[in-house]
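Trainee: Under the working numbering, think of the first position of the sequence shown as 11, with each following residue one higher.
Be a bit skeptical, because a hint or two may be false.
Calculated cross-link-like contacts (lysine to any residue; reagent style SDA-like; alpha-carbon spacing at most 20 Å) [said to hold, decoys possible]: (1) K37 - A25; (2) K146 - N198; (3) K37 - K92.
Pair ranges (Cβ atoms, derived) [to be verified]: (4) E140 - R109: 33 to 39 Å; (5) A241 - E104: 44 to 50 Å; (6) E104 - V46: 40 to 46 Å.
Think of the hints as simulated: they come from the structure by calculation, not from any bench. Ideal Cβ positions, reconstructed from N, Cα and C, are used throughout, including at glycine.
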Amino acid sequence: MEENKSKVTLHGMWASTYSKRVEIALKLKGIHYEYVEEDLRNKTETLIQLNPVHKKVPLLVHDGKPVAESLVILEYIDETWKNSPHLLPEDPYERAQVRFWVNYINQQVIEVMGQVLFQEGEAQAKSIEEARKRFKVLEEGLKKHFPDKIIRENDDVGLLDIIIISTFGSHKVYHEVFGVGAVIDPVNTPTLYNWIESLQELTVMKEAEMPRDRLVPFLQMYRQRHLQQAANA
11 MEENKSKVTL HGMWASTYSK RVEIALKLKG IHYEYVEEDL RNKTETLIQL
61 NPVHKKVPLL VHDGKPVAES LVILEYIDET WKNSPHLLPE DPYERAQVRF
111 WVNYINQQVI EVMGQVLFQE GEAQAKSIEE ARKRFKVLEE GLKKHFPDKI
161 IRENDDVGLL DIIIISTFGS HKVYHEVFGV GAVIDPVNTP TLYNWIESLQ
211 ELTVMKEAEM PRDRLVPFLQ MYRQRHLQQA ANA
């Protein structure tokens, strides 16, 4: 653990997978930080002033300097605090592969997950089928490019692992809430499924885990609000 001589503050929201990325990275690096929980319907003036472009979480403030956008923040953390674990590989090709699959999750998988979340009926069924296709691509990519991946301790965790656990760590809860067939399972996505299971065994991931008893009603409320807004549009 590296000694900290600077002030670090994270503005986040407990159920935000993007905030969770930064929280996990800070904990992995052993960085002491202050956490500010934001009400996204009544954001603090500090968040609005320091992140004037997006006005979103997460926002990292390091010695008064704001850094926005979760992936930008993660690379900033890795470049500023150089102790292990190192979030990106030293090898340029391996680093490129990590960035590619992180972007695939960010741009392709999260998009379709949002469609499943905010739809119902036939439209949702079509989105679920599209989600299965995109998860199959991800599964094959992980299997091909990271065949020797082993996760036993914090030093085995990097950028891609953080994105995987923060995005998919609660997949069983999502399945329960929406009552749709599981997209991530040991049969169709064994590499991804086992990757998540291994990460969840780490103490730091257990500490950062979203509590199920809060997440279930939150997701139900969040989904119903968006469905109602769509119906009234």
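Trainee: CA of K37 to CA of K92, is that 20 Å or under?
Mentor: 14 Å, holds
Trainee: Is K146 within 20 Å of N198, Cα to Cα?
Mentor: 8 Å, holds
Trainee: If I claimed the Cβ atoms of A241 and E104 lie 44 to 50 Å apart, would that claim hold in this structure?
Mentor: 47 Å, holds
Trainee: Measuring from beta carbon to beta carbon, are E140 and R109 in 33 to 39 Å?
Mentor: 24 Å, violated
Trainee: For the range 40 to 46 Å, tell me whether the beta carbons of E104 and V46 fit it or not.
Mentor: 35 Å, violated
Trainee: Are the Cα atoms of K37 and A25 separated by 20 Å or less?
Mentor: Holds: K37 and A25 sit about 17 Å apart, inside 20 Å.
Consistency note: the structure conflicts with the earlier hints numbered 4, 6.
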